[in-house]
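Enquirer: Each chain is listed here by its residues.
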Amino acid sequence: MIVSEVLRSQGRFSVGAPRIPWLALVATFTAATLVYGLVMGTWSGRSTQVLYSGLKAPLLLGGTTLICLPNFYVLGAALGLRDDLEAALRGIVTAQATVGLALAAAAPLTGFVYLSGCGYAGATLSNGVAFLAATLAGQWTLARHYRPLIEGNPRHRVALVAWVMLYQFVAIQLAWSLRPFIGDPGVATTFLRPESWTNAYVDAAEAMRLVLGR
Amino acid sequence: MFGSIDSLLRGRYTDPDRLREGRVELPIVSLTCTCLLLGGLYGASMGLYSALARPGMDGGMQVIASVIKVPLLFLATLMVTFPSLYVVSALARSRLRGPEILRLLLAAIAVNLALLASLAPVAAFFTLSTDSYPFIKLLHILFFVASGAVGLNFLRRTLPGVLEPAGGTEVQVDRTGAVFRVWIGIYGVVGAQMGWIMRPFVGDPDQSFSWFRPRDSNFVMAFFEALTGTFGG
Numbered sequence: 117m118i119v120s121e122v123l124r125s126q127g128r129f130s131v132g133a134p135r136i137p138w139l140a141l142v143a144t145f146t147a148a149t150l151v152y153g154l155v156m157g158t159w160s161g162r163s164t165q166v167l168y169s170g171l172k173a174p175l176l177l178g179g180t181t182l183i184c185l186p187n188f189y190v191l192g193a194a195l196g197l198r199d200d201l202e203a204a205l206r207g208i209v210t211a212q213a214t215v216g217l218a219l220a221a222a223a224p225l226t227g228f229v230y231l232s233g234c235g236y237a238g239a240t241l242s243n244g245v246a247f248l249a250a251t252l253a254g255q256w257t258l259a260r261h262y263r264p265l266i267e268g269n270p271r272h273r274v275a276l277v278a279w280v281m282l283y284q285f286v287a288i289q290l291a292w293s294l295r296p297f298i299g300d301p302g303v304a305t306t307f308l309r310p311e312s313w314t315n316a317y318v319d320a321a322e323a324m325r326l327v328l329g330r
Numbered sequence: 522m523f524g525s526i527d528s529l530l531r532g533r534y535t536d537p538d539r540l541r542e543g544r545v546e547l548p549i550v551s552l553t554c555t556c557l558l559l560g561g562l563y564g565a566s567m568g569l570y571s572a573l574a575r576p577g578m579d580g581g582m583q584v585i586a587s588v589i590k591v592p593l594l595f596l597a598t599l600m601v602t603f604p605s606l607y608v609v610s611a612l613a614r615s616r617l618r619g620p621e622i623l624r625l626l627l628a629a630i631a632v633n634l635a636l637l638a639s640l641a642p643v644a645a646f647f648t649l650s651t652d653s654y655p656f657i658k659l660l661h662i663l664f665f666v667a668s669g670a671v672g673l674n675f676l677r678r679t680l681p682g683v684l685e686p687a688g689g690t691e692v693q694v695d696r697t698g699a700v701f702r703v704w705i706g707i708y709g710v711v712g713a714q715m716g717w718i719m720r721p722f723v724g725d726p727d728q729s730f731s732w733f734r735p736r737d738s739n740f741v742m743a744f745f746e747a748l749t750g751t752f753g754g
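Each protein sequence line maps, in turn, to chains U and R.
When you line the first sequence up against our numbering, it's residues 117 to 330, in that order.
When you line the second sequence up against our numbering, it's residues 522 to 754, in that order.
Rather than coming from a laboratory, the hints here were simulated on the basis of the structure.
Don't be surprised by glycine CBs; every beta carbon is placed ideally from N, CA and C.
Hints may be right or wrong, so weigh each one.
[To be verified] Chain U stretches covered by chain R per the calculated footprint, using a threshold of three residues with CB under 8 Å from any CB of chain R:
#	stretch
1	145–153
2	189–198
3	301–315
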């Protein structure tokens, strides 16, 4: 029932509902991402990795949201959108729950890919595709909630673009820091890699330099 | 204290009708304290890099210095650019007098600092997860530019109405707008260079702590050096 209402943005979760059902949304998000995380970790065949991945999936998406929320509030208020804050926040949180549910829905597919005997690269790719698809599903919900807001005040578009950009920027780094999610077969299972606290963007630039032969 | 910044962000202090009457009613003391607090908070996130790279006295001093210097940077920029805005306002025969203009600028700075402080968790997170000094410098420059743009946009939305001369012709209104845009440019350049003069805020891990560095080069050169340091090899 809750799942259907969240995905359809109906009932308590509809656009313009009087209150944000925080508890239901956070619980849905946490449970759904936990399920996906547990499945994600099964490729390694190690129970500790399964547990770690189960914990890290909600930590990644929830942590990113928490880091970015203060800026979402202040930027919205500075753009003169303070009165619509609750409606915008409802969109953000419902979109997060949608991402979680889409990931949970992708869990059987990921498990199937694992069972089909894919290698480490295949497992990484299938998880990347699942996260991409879930992000698009989240954007769908976000757009549904933001449509009336943008019609009422086009400045909401600026706030939305800023949110999406900052969220992606932080999420990439947090995902980098929280590795491993799948569990490299050649490396012992740890909650975080020893080189966790390095920078994804600096490493990407370094890799690019090597590829380009500079 | 945060009630004042919330009211400011909601536009309660910058009602266009009141501004046209030349009234800017801001809780100066409360807003100034909030500015100091918000600036200090972001300053702490800047100094954190040094505290992690050089644990001990040097790193701790850099945190303290950055907490003090970030609000000071905005205050100094305000002092340097206020006279020019006052002259523009007077030439445009605005109804606002000196103290009201000062209050408006304080409001814009408060918006700027509120946005910066809201980015402090992001800055702190990246500081914890990188040891690249050029990257952290670039990140802070990006955050300063983004929050400065929003702060100046706040001023841009507020000021033209009050700078507009009573019964002025369309040409006069356009001219006032153009002069104001020039002033915004001056404010941006002064702010950037003031930041350069008051550096270090982050603290180079290869140098010992100092409150200020020798005055050489400029902000633009440093920006391109950080850019090439991060992405150019």
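Enquirer: If a hint holds in the structure, say so; if it does not, say that too.
Expert: Each hint tested on the structure:
1. Using a Cβ-Cβ cut-off of 8 Å, 0 residues of the stretch 145–153 of chain U lie near chain R, which falls short of the minimum of three, so the contact claim is violated.
2. Under the rule that three or more residues need a Cβ within less than 8 Å of chain R, the assignment of the stretch 189–198 of chain U holds, with 8 such residues.
3. Here the stretch 301–315 of chain U counts 4 residues with a CB under 8 Å from a CB of chain R, which clears the bar of 3, and the coverage holds.
Hint 1 from the earlier list is the only one contradicted by this structure; the remaining hints agree with it.
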